[in-house]
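Chains as they are written, first to last, in the numbering used here: chain A, 31 to 386; chain B, 31 to 386; chain C, 31 to 386.
Hints are computed from structural coordinates only; laboratory data are not their basis. Incorrect hints may appear among the rest.
A pair holds if it fits inside one copy or across any two, identical chains being indistinguishable in the list.
Claimed, not checked - Calculated pairs, DSS-like style, for lysine-lysine (alpha carbon to alpha carbon, straight line, at most 30 angstroms):
hint, residue 1, residue 2
1, Lys370, Lys384
2, Lys384, Lys230
3, Lys223, Lys296
4, Lys107, Lys150
5, Lys296, Lys230
6, Lys357, Lys107
7, Lys227, Lys258
8, Lys230, Lys100
9, Lys370, Lys223
10, Lys100, Lys87
11, Lys87, Lys41
12, Lys227, Lys129
13, Lys100, Lys150
14, Lys87, Lys44
15, Lys357, Lys370
16, Lys83, Lys384
17, Lys129, Lys40
18, Lys258, Lys129
19, Lys374, Lys384
Just so we're clear, the structure is a prediction, and the values are computed from it rather than from any experiment.
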Amino acid sequence: MTYFNEKRMKKKLKELAQWVDGTVIGDGEVEISGVSAIDEAQAGEITFIANPKYLPKLNETRASAVIVSKAVTRGEKPLLSVSHPYLAFAKILAFFSQKPYQPKGIDSNAWISPTASLGKDLTLYPFVYIGDHCSIGDRVTLYPGVCIGDGSSVGEDSILYPNVSVYSGTTIGKRVILHSGVVVGSDGFGYVKEGKKNVKIPQVGGVEIEDDVEIGSNTTIDRATLGKTIIRRGVKIDNLAQVAHNVIIGEDSIIVAQVGISGSTKIGSNVTLAGQVGMVGHIEIGDNVMVGAQSGVGHDLPANQVFTGSPAIPHREWLRSVTVFPKLPEMRRTLIEIEKRLKKIEETLSSSEKEK
Amino acid sequence: MTYFNEKRMKKKLKELAQWVDGTVIGDGEVEISGVSAIDEAQAGEITFIANPKYLPKLNETRASAVIVSKAVTRGEKPLLSVSHPYLAFAKILAFFSQKPYQPKGIDSNAWISPTASLGKDLTLYPFVYIGDHCSIGDRVTLYPGVCIGDGSSVGEDSILYPNVSVYSGTTIGKRVILHSGVVVGSDGFGYVKEGKKNVKIPQVGGVEIEDDVEIGSNTTIDRATLGKTIIRRGVKIDNLAQVAHNVIIGEDSIIVAQVGISGSTKIGSNVTLAGQVGMVGHIEIGDNVMVGAQSGVGHDLPANQVFTGSPAIPHREWLRSVTVFPKLPEMRRTLIEIEKRLKKIEETLSSSEKEK
Amino acid sequence: MTYFNEKRMKKKLKELAQWVDGTVIGDGEVEISGVSAIDEAQAGEITFIANPKYLPKLNETRASAVIVSKAVTRGEKPLLSVSHPYLAFAKILAFFSQKPYQPKGIDSNAWISPTASLGKDLTLYPFVYIGDHCSIGDRVTLYPGVCIGDGSSVGEDSILYPNVSVYSGTTIGKRVILHSGVVVGSDGFGYVKEGKKNVKIPQVGGVEIEDDVEIGSNTTIDRATLGKTIIRRGVKIDNLAQVAHNVIIGEDSIIVAQVGISGSTKIGSNVTLAGQVGMVGHIEIGDNVMVGAQSGVGHDLPANQVFTGSPAIPHREWLRSVTVFPKLPEMRRTLIEIEKRLKKIEETLSSSEKEK
């Protein structure tokens, strides 16, 4: 499938080059009307090579132009040379694909509390529920099955996809995107044992999701016990992640699918947690930290470093150790053999000692 | 709980034997009216032993007949001897439990776009939403809270359970089953850093789910960036799995609960990924591969082999290494001790050398 | 954010002490009107120190009183000394935060089968669906988008948050809390291969959730193949966990987020499974077992012990082995060096032997 903008808008390659701050190698007059992957691109489209392993396809693609890094200086097709091809691709794709927002209005099958405060130019689909004293900003889109609990607010230009559940007392910023099945504000998992019985700790705090956050399908964000769970500006969370009560995730951090973050843990800004990472509660992760997939983090991690493993250790150490892991049986055999040889030597020495 | 068909249909054991291509050992005239687990079965029911560890229960069950493998040649009860007891059980259970489809019609509380194309004999529950230009095949069942985005299609005889969310531009085949909370077509997790800021890569591709696919509760399937995410014919996915953008899963593969597959990875046909497996993006997994639970796969895997571990290695190697893992502290102590012994020997030799 | 009860009820510290069976150190007449975390507490509030690492804050907090363990015998503020500070905090927080239930009635946009049996004092929100022959107990709250399948029952005082899906034939006890997106009763993941094709095993069993169970957002509980999946009294399950067909979880057990339990496994009572644990099917976990985060359990586990690792081993052994793991490369180098030294010694001995 190829993406075209509906009106088949065309742009000259040299115009796109201006848009992404790149330079044309070859014919800048060629007209581009869409963006496509390298194997599927057709004449009239632009494609990109971000990963050098696809360079052999440079002259095979049917695309009319190719976005390349500055390392590529010539090709049979017109090239758009940029310092960051994937970023240029993203921008050109956005250019061709973005449509201006058009409000669809408020469907008569949406249920809206008379005490809710509604902005203008909304798109509220059937079977949307908006509780008492909610505040919905301008140009917000709520798809079918979205439920906004009492006293919550959704900032302007935000989009909540079908069947998103927002509990009461939640604050959602501007330009936030919540994908289907996201749950925001459910009770934190807090119990205390009285004998064997689990006594529930009331979860009376809230959740604040700042501007420009995007949260993937079926991810869950629990409300705080006291205080707030906070997802800071620009954070992007993938599908099926778990963010427990009182967690704070710093600006621009990336949380990949199926990550689990336990209660009260603080994630710095610009952190990347790869898929299926698990974090215990009450720890702090420094800014710019990266944690490898499936890692388990049980302690604070200092800023600006890469960690992997369960339990997580510095990534390079982990790499060296996992390389040895498959050699463990051999190492064990060697150890046993060495002990035999040692014993033999010791016996030899002992008997020669006696000989003296 | 025992499963009976509602009309209490009865079949003679010899008739069931014909149905599953087995042979009766003992009285083939005994009448069977239901299927039950070995501990709960009552007179009039058939049960099964698929796992030899339950063989001691063969003569204890109250069932009137037992499905067994060909290794079992006699028992106190009539036996139904087959080459694959669990398969025979599945077929006999289906025989007793399956009811013919009866359409319930279109509830007046379903919201259906006037531009949608609807097949015949539908079952559309209240609070179903069907967007513009959708196509819904004959005998489709959509439970309450199902949302079908604009331009999507659902093939005949498919069943979408409550609160399934299908984004726009999704193709769903025939006889597909999507369990509650499944999300199909949400945006792939694609960003590119511009400084620290995460720039969203528009996700303008689609998702295609082929015939006879079943997807478990709250599993998420992202749409492609460009092109399509594809789930091929006969694939079965368990609950809470994550399938990222541009992933392709080959025919008849089995994806167990909580597996995560990163973007653009291609899974072959007849592959089995056990629970909680994680896969990085842009790799290829050969046909008939099996990957053990909780494994982490970072590279291509060749066909027809079994892998386990994080990072995944051939299963037998992994088995040998994990057996050594608990012996690491002992190995380390041995190493230290060996070094002392060695040093002592070296000193002995060195002094005896000097003596000379 | 601070939690206050709406009416700003005030209690003297000595009255709270009676309520939680504690003793006052200092002025018992001080009036308390709310509960807050130690950093955010204001005058008029009580806070708590459950973790000794926060003891330095004892005299810094602005709270008017502090709940402490018996190890703390003095402070600048009035203290509430108890044997279990976190439990006392939970009870005092409940005291200030709990409001009596007030039924909101049945919204006209809820869809209720005429054959359903409804208790009194219900709160049924818009877009709730209740199928044929369901039974809903007194004072049940069903939020928008909740779907109760045919023949299911929900016990009195239970709360089902938005977009919960309950399949047909499910039994839910009293005072049960199901958070948003929970799915109960979806088909178990059961197939049997006939050649490469996956033949579905009909899932005709049910699910029973006993009293006082709480289940976190987007967790999935599959119905049994035959018989029942059972969640026993007092079990607490966190978000995004997977409970497969025919699993039984014993009373008061704690299942943390993203745990996956495979088919037919039996979990004892008062068990704790930490986050992201995976369990194979058909095993038994003894009472009071604790399993560390991210562990993979492939065998029965005896009662009253702690296990960690993938595969799981006794926790202390695991701790010792993971400490050695980062030293593997060094151990391997040592082994190679030892072999060289050994060889040299053996050659020395061999040549001195020849000299003789």
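Do the hints match the structure? See the list:
1. For the homomeric pair lysine 370 and lysine 384, the shortest alpha-carbon distances inside one copy (21 angstroms) and between copies (22 angstroms) are both at most 30 angstroms.
2. For the homomeric pair lysine 384 and lysine 230, neither the shortest alpha-carbon distance inside one copy (75 angstroms) nor that between copies (77 angstroms) is at most 30 angstroms.
3. For the homomeric pair lysine 223 and lysine 296, the shortest alpha-carbon distances inside one copy (26 angstroms) and between copies (22 angstroms) are both at most 30 angstroms.
4. Taking identical chains as interchangeable, the C-alpha atoms of lysine 107 and lysine 150 are never at most 30 angstroms apart, the minima being 48 angstroms within one chain and 51 angstroms between chains.
5. Taking identical chains as interchangeable, the C-alpha atoms of lysine 296 and lysine 230 lie at most 30 angstroms apart whether they share a chain (24 angstroms) or sit on different chains (24 angstroms).
6. Taking the shortest alpha-carbon separations for lysine 357 and lysine 107, neither the intra-copy value of 49 angstroms nor the inter-copy value of 52 angstroms comes in at or below 30 angstroms.
7. For the homomeric pair lysine 227 and lysine 258, the shortest alpha-carbon distances inside one copy (27 angstroms) and between copies (24 angstroms) are both at most 30 angstroms.
8. Within a single copy, lysine 230 and lysine 100 get their C-alpha atoms only as close as 59 angstroms, which misses the 30 angstroms cut-off; across copies the closest is 23 angstroms, which meets it.
9. When the C-alpha separation of lysine 370 and lysine 223 is checked against a cutoff of 30 angstroms, the pair qualifies neither within a copy, at 53 angstroms, nor between copies, at 50 angstroms.
10. Only within a single protomer do lysine 100 and lysine 87 lie at most 30 angstroms apart by alpha-carbon distance; the minimum there is 17 angstroms, versus 56 angstroms between protomers.
11. With identical chains, the CA atoms of lysine 87 and lysine 41 are at most 30 angstroms apart within one copy only, with a shortest distance of 24 angstroms there and 63 angstroms across copies.
12. Taking the shortest alpha-carbon separations for lysine 227 and lysine 129, only the inter-copy value of 22 angstroms comes in at or below 30 angstroms, while the best intra-copy value is 55 angstroms.
13. Neither within a single protomer nor between protomers do lysine 100 and lysine 150 lie at most 30 angstroms apart by alpha-carbon distance, with minima of 46 angstroms and 57 angstroms respectively.
14. For a Cα distance limit of 30 angstroms, the shortest separation of lysine 87 from lysine 44 inside one copy, 23 angstroms, qualifies, whereas the shortest one across copies, 62 angstroms, does not.
15. Taking CA atoms no more than 30 angstroms apart as the test, lysine 357 paired with lysine 370 passes in both settings, with 20 angstroms inside one copy and 19 angstroms between copies.
16. Neither within a single protomer nor between protomers do lysine 83 and lysine 384 lie at most 30 angstroms apart by alpha-carbon distance, with minima of 69 angstroms and 61 angstroms respectively.
17. Taking the closest pair of Cα atoms, lysine 129 and lysine 40 come within 30 angstroms of each other only inside a single copy of the chain (15 angstroms); across copies the shortest separation is 56 angstroms, beyond that limit.
18. Proximity of lysine 258 and lysine 129 under a CA criterion of 30 angstroms is satisfied inter-copy only: 21 angstroms between copies versus 35 angstroms inside one chain copy.
19. In this assembly of identical chains, lysine 374 and lysine 384 lie within 30 angstroms of each other by CA distance both inside one copy and across copies; the values are 15 angstroms within and 17 angstroms between.
In this structure, the hints that do not hold are numbers 2, 4, 6, 9, 13 and 16, in rising order.
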